[in-house]
Amino acid sequence: KAGVTQTPRYLIKTRGQQVTLSCSPISGHRSVSWYQQTPGQGLQFLFEYFSETQRNKGNFPGRFSGRQFSNSRSEMNVSTLELGDSALYLCASSLRAAGGSNEQFFGPGTRLTVL
Amino acid sequence: TQLLEQSPQFLSIQEGENLTVYCNSSSVFSSLQWYRQEPGEGPVLLVTVVTGGEVKKLKRLTFQFGDARKDSSLHITAAQPGDTGLYLCAGANQGAQKLVFGQGTRLTINP
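First to last, the protein sequences are chains A and B. Going by this note's numbering, the first sequence opens with residue 1, and the numbers climb by one from there. Going by this note's numbering, the second sequence opens with residue 116, and the numbers climb by one from there.
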């Protein structure tokens, strides 16, 4: 079974631009969560999508948004990029089964550098 | 706000030694997951513990969930250079997909 895939793997943007990152979950997984990883803050939860609806949201500004498609693929968008948005953006998929243990499986990440 | 504190943040030991990494919180979690992350890659799930007092073994790695489900530990026996990496603990609550991560322990095993 293929794992979580993320594209692109690396991205360089300048301040003020916007960026869209893509994530394809493991086949059969319907929940996709996004995390930001930085050396200073570690891994922080951005949001989760399930059945094309945002179910949970972390403490990030509205510049960070996402969506999920009917095939469970998800995209994350960051508008008006700031230098502090430079980070590894990780996508995680899970079954989200009722009573399940919330196990999440991560993709390789997209390394975003904002200049 | 739930927080997880990992200790130590950095650990460098010789091959063959034993080590323990701790993950502590003042909050109760319904489950706790341990991940290992290599540079430039995403975290890889090692184990999930869900029952207070639960102990799980993965070859030379032993994971324990505290009785009160507020803390966990990872013990590695006879560490090998291949164990080098960033170890992360992450807590979850029933029905919620949001994982709360510790800051991580960067482990280096020297040959």
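Just so you know, these hints were derived from the structure itself, not from any lab. Ideal Cβ positions, reconstructed from N, Cα and C, are used throughout, including at glycine. Mixed in with the good hints, there may be bad ones.
Among chain A residues calculated to face chain B with C-beta under 10 Å, some are [unchecked claim]: (1) T80; (2) G107; (3) T113.
Facing chain B, a subset of chain A residues (Cβ under 7 Å, in silico) [as the list claims (entries may be wrong)]: (4) T20; (5) S31; (6) G40; (7) L43; (8) E52; (9) F60; (10) L112.
Hints, verified against the model:
Taken as an interface hint, T80 (chain A) does not check out: its beta carbon lies about 25 Å from the nearest beta carbon of chain B, beyond 10 Å. Here the hint on G107 (chain A) is kept, as its CB sits about 5 Å from the closest CB of chain B, short of 10 Å. Against a cut-off of 10 Å between C-beta atoms, the interface hint on T113 (chain A) is violated, since the closest Cβ of chain B lies about 13 Å away. A cut of 7 Å between beta carbons decides the hint on T20 (chain A): the least distance to chain B is about 19 Å, and the hint is violated.
With a least beta-carbon distance of about 6 Å to chain B, the hint placing S31 (chain A) at the interface is held under the 7 Å criterion. The interface hint given for G40 (chain A) is violated, since its Cβ lies 10 Å from the closest Cβ of chain B, which is over the 7 Å cut-off. Taken as an interface hint, L43 (chain A) checks out: its beta carbon lies about 4 Å from the nearest beta carbon of chain B, inside 7 Å. With its C-beta approaching chain B no nearer than about 15 Å, E52 (chain A) sits outside the 7 Å limit, and its interface hint is violated.
Hint status for F60 (chain A) relative to chain B: violated, with the closest Cβ pair at about 12 Å, above 7 Å. Of the supplied interface hints, the one on L112 (chain A) is violated, with its beta-carbon coming no nearer than about 13 Å to a beta-carbon of chain B, more than 7 Å.
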